[in-house]
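S.K.: Put together the whole structure using the sequences plus the hints.
Protein chains: 2
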Amino acid sequence: MSRPREFDVDRVLHQSMEVFWNKGFKSTSYEDLTRTTGVKKQSLYCIFNDKRALFLKALVHYREQYIEILEKLEAQEMSPVDKLESLRDSLLNEEATYRGCLMVNSALEFGTEDDQVTREIELMFAEAEQILEKIVISGQEQQLITTRFSSRELASYLNNAILGTRIQEKSGASREQIKAVLRVSFSMILP
Amino acid sequence: MSRPREFDVDRVLHQSMEVFWNKGFKSTSYEDLTRTTGVKKQSLYCIFNDKRALFLKALVHYREQYIEILEKLEAQEMSPVDKLESLRDSLLNEEATYRGCLMVNSALEFGTEDDQVTREIELMFAEAEQILEKIVISGQEQQLITTRFSSRELASYLNNAILGTRIQEKSGASREQIKAVLRVSFSMILP
DNA sequence: CAAGTTATTGACTGTATAGTCAATAAAGCG
DNA sequence: CGCTTTATTGACTATACAGTCAATAACTTG
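If you read the protein sequences in the order shown, they are chains A and B.
Residue numbering for the first sequence follows this note's numbering, beginning at 1 and increasing consecutively.
Residue numbering for the second sequence follows this note's numbering, beginning at 1 and increasing consecutively.
In short, the hints are calculated from the structure, not lab data.
Watch out, some of these pointers could steer you wrong.
Remember, identical chains collapse to one label, so a pair may be satisfied in a single copy or spanning two.
Mimicking DSS-like on lysine-lysine, the simulated pairs with C-alpha atoms at most 30 angstroms apart in a straight line are [said to hold, decoys possible]:
1) K41 to K26
2) K41 to K134
3) K26 to K57
4) K51 to K26
5) K134 to K57
M.R.: Put into structure tokens, the structure is as follows:
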């Protein structure tokens, strides 16, 4: 019927996400994308339309990936406090910490000037906070986590602390410094 | 001896800083700078050399300004806890909250790929943390602040929480949300 | 007033890069 | 096999922008 595509769309999307993650939206050129994916500009246009559309798909992909990790972590059979510790470890163990978080990077690059980008970012943070809140709630029920603040307040507190470390990652803080800050921030919510 | 300059260098530096703060380094063009300052490109080159040199001076200016505010706040005659509250208010009351913090924005825009930019950012955060630590120490001495953690840990904890809100500012969080997160984060360190 | 010095101006150059176009290649189906 | 459809390719266009150049303007001092 027609000439078949010579590459895997999902692979290209994933690799494009990596490039955007490393370099940001504006600083990523089609040359960068072609070098990394092996796919020429026009072929990218065929599937993803323009650069912004590809970027938006990359954001969605990133969010899904991130939330999946959180959900798996939350679903594990362990104490809520251990879940938080496990989350802390996973934040520290991401290869290439210096990249920060694609959503955070994008939030700062775009500000609020692109509605769809903003929506994607808010969605991810909202979903992340919901999962955090689940953990907090069960922790509070078992009296393992302070009830000085509501579960929502604590979830948003934890999310904010994580966002802070994302900046530190990008500004050259050592893994040790980040580890220390996360340790203190997470310990604070114990009773 | 020579033709006198027709504008005030400090004013132009300050206005340039504002432009960089609003738009970021890369997205700021000489056209933007000229529109805001009223000074043409070549004149800017005369004084500041190139765009990056002007940007670096803007960073220094920003840091000095920010640290001065913190120092004044710290020097006031009030309880350490009130100082922290006052700091919290000043974070919320900056006009144009959506701009975030120039240093944070730059940290994410540059990553660690420009040594001088990185140094400037680290310097500001280090100075800010030192001032926070002073406040924490006196708070701990008066038993107004927890001693579960060292003053250094708490200072870096507070700084991290502030960084987190800087991102939220840029990603469209409401002032109320930010206020709530700061309230929780600052309350955590009370005994 | 003339010489020297620096500021200002606008025009110019070179480059990077997003997006487009038209020609060609590769498949399946009748 | 040849027709249709879609993928791929490379060349092309338009634009935005940093940085440069050379001519002119404004001031001071001798």
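S.K.: Does each hint fit the structure? Answer for all of them.
M.R.: Evaluation of the provided hints:
1. K41 to K26: This pair counts as both: shortest intra-copy Cα distance 16 angstroms, inter-copy 23 angstroms.
2. K41 to K134: neither (44 angstroms within a copy, 55 angstroms between copies)
3. K26 to K57: This pair counts as both: shortest intra-copy Cα distance 16 angstroms, inter-copy 24 angstroms.
4. K51 to K26: Both: 10 angstroms inside a copy, 18 angstroms across copies.
5. K134 to K57: within (28 angstroms within a copy, 46 angstroms between copies)
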